[in-house]
Every structure is written in structure tokens, then in C-alpha cells.
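Take these sequences, add in the hints, and give me the full structure.
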Amino acid sequence: AQSVTQLDSQVPVFEEAPVELRCNYSSSVSVYLFWYVQYPNQGLQLLLKYLSGSTLVKGINGFEAEFNKSQTSFHLRKPSVHISDTAEYFCAVSEANTGNQFYFGTGTSLTVIP
Amino acid sequence: DTGVSQDPRHKITKRGQNVTFRCDPISEHNRLYWYRQTLGQGPEFLTYFQNEAQLEKSRLLSDRFSAERPKGSFSTLEIQRTEQGDSAMYLCASSLPRHSNYGYTFGSGTRLTVV
Numbered sequence: 001a002q003s004v005t006q007l008d009s010q011v012p013v014f015e016e017a018p019v020e021l022r023c024n025y026s027s028s029v030s031v032y033l034f035w036y037v038q039y040p041n042q043g044l045q046l047l048l049k050y051l052s053g054s055t056l057v058k059g060i061n062g063f064e065a066e067f068n069k070s071q072t073s074f075h076l077r078k079p080s081v082h083i084s085d086t087a088e089y090f091c092a093v094s095e096a097n098t099g100n101q102f103y104f105g106t107g108t109s110l111t112v113i114p
Numbered sequence: 001d002t003g004v005s006q007d008p009r010h011k012i013t014k015r016g017q018n019v020t021f022r023c024d025p026i027s028e029h030n031r032l033y034w035y036r037q038t039l040g041q042g043p044e045f046l047t048y049f050q051n052e053a054q055l056e057k058s059r060l061l062s063d064r065f066s067a068e069r070p071k072g073s074f075s076t077l078e079i080q081r082t083e084q085g086d087s088a089m090y091l092c093a094s095s096l097p098r099h100s101n102y103g104y105t106f107g108s109g110t111r112l113t114v115v
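So the sequence lines, in the order shown, correspond to chains B and W. Counting from 1, position 71 in the first sequence corresponds to residue 71 in the numbering used here; the numbering is continuous, with no gaps. Counting from 1, position 52 in the second sequence corresponds to residue 52 in the numbering used here; the numbering is continuous, with no gaps.
None of these hints come from the bench; they were simulated from the model. Note that the Cβ used here is the ideal one computed from N, Cα and C, for glycine as well. Heads up, none of these hints are tricks.
Example chain W residues on the side facing chain B (calculated, C-beta under 7 angstroms, incomplete):
1) Gln41
2) Pro43
3) Leu91
4) Gly103
5) Phe106
6) Gly107
7) Ser108
8) Gly109
Simulated restraints on C-beta separations:
9) Phe14(B) to Arg59(W): 41 to 47 angstroms
10) Pro18(B) to Gln80(W): 45 to 51 angstroms
11) Pro97(W) to Thr55(B): 23 to 29 angstroms
12) Ser5(W) to Ser30(B): 30 to 36 angstroms
13) Lys58(B) to Gly72(W): 31 to 37 angstroms
14) Gly72(W) to Leu56(B): 35 to 41 angstroms
15) Gln80(W) to Asn97(B): 35 to 41 angstroms
16) Gly62(B) to Arg22(W): 31 to 37 angstroms
17) Pro12(B) to Asp63(W): 42 to 48 angstroms
18) Gly40(W) to Ala1(B): 17 to 23 angstroms
19) Asn41(B) to Asn51(W): 26 to 32 angstroms
20) Asp8(B) to Phe74(W): 36 to 42 angstroms
Take a look at the structure:
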């Protein structure tokens, strides 16, 4: 079975500052990794995904994430945040090739302070 | 196509009542998924369909829950004899089979409050 740990439940950051949201996973098989964003009263929107290849993945809205297999991590970063980035961010994994269900972390609430 | 549509957006019901939610996936997506998200938690998998066949169910899907996708298009999720613990956001998502592992498209969810 897979599990995902998001180490920070809340992250406040000033506007235009950089941010890192941390995600660690546990799995006995190869996995695909994802970050989703959820705005209040909305569904989840895919920010980026790692399937294979380059460990640095770029996504929408200026976000990027780096897959580190040895540390089983997939941290999300943005060099300069905006007020509009205030939202809940979820890290997720699925079994590579065979998995149909996603396993989500408990989420990190990012608050951008003006 | 406007994405995955869920109806209603909000539902308040009294404990013991039955409720039914509807999900309309993206038209060419033949895989459809239901997830439940409780306050402060990430979404948890409930079940998924490929066309009209329900291929996998989570242990979270108790016998009070039933999901259908009769014609392989829209899906319904029914909860019988609702309990306060059923209060949650119910999320629907869809995908193509070859993309199911690459990320789904989620709807905006139905928020259920059981009072």
C-alpha cells in the first residue's frame, strides 16, 4: 500500500516570497506523483505530475516540484508567490502502470500574506 | 465540453434520510471515480467505473452506499439512512483509461451536511 505525508498543515508566507511545500511518500512499488490545488468550495486541479524522466517537473502557475527517489520526497516550490496562490495543496501518489486510485496526503493550507 | 459536473453543489439532510448525488463526466471519458473528502483531510477513494462496470470498491463504501453508472455516462451515488459521519465533500472525477494513472479531471464536488 502507498501512503503520503505532508509535513506542514499550514504555511503562511508573504507575497513575492518563495515557498516550499513538503511531501514524502511510502511505497513498495514504483509510483507516479502528483500535486493538486483546491480553492475554497472547488474541486481539485492538477498542478503537475511526475511520471518518469527528469526529476524536476514544471507545472502551471509557476510551480515546480522535484522528485527525490532516495529521500522518497516530492516537494513543491514556487520562487515568488501571489495572493491568488492562497489555497489547499494536496500531494498524491498512484501505483505506476497498474494503479487506478490515488492516495492523497492530508493537505497543506498555503496562506499568502499581503 | 465544460468538464466534470456534479449536482447538487450542496445538500443538507436530516439523519436517517436517503440522498443521491449525480456526476456527469467529460463525455469521452469512460472511467469515472468517486472520492470522499472530510474536513481537514485529503480525498479518499470510494469506487470507480469503466463504462457501466464498477471495477473497484473501497472498504469505505459501506452497504449504505451504492453507486451506479447505468449507461456508462453519468453516475449516481446514493447514501441510505444517512449518519452524521457521512458529512463530507463527495468528489467525482473522470479520465480516459490510458490516462487514468496520469491524473484525473475532478468536478467541484457535492458538500453533504447531515444534521
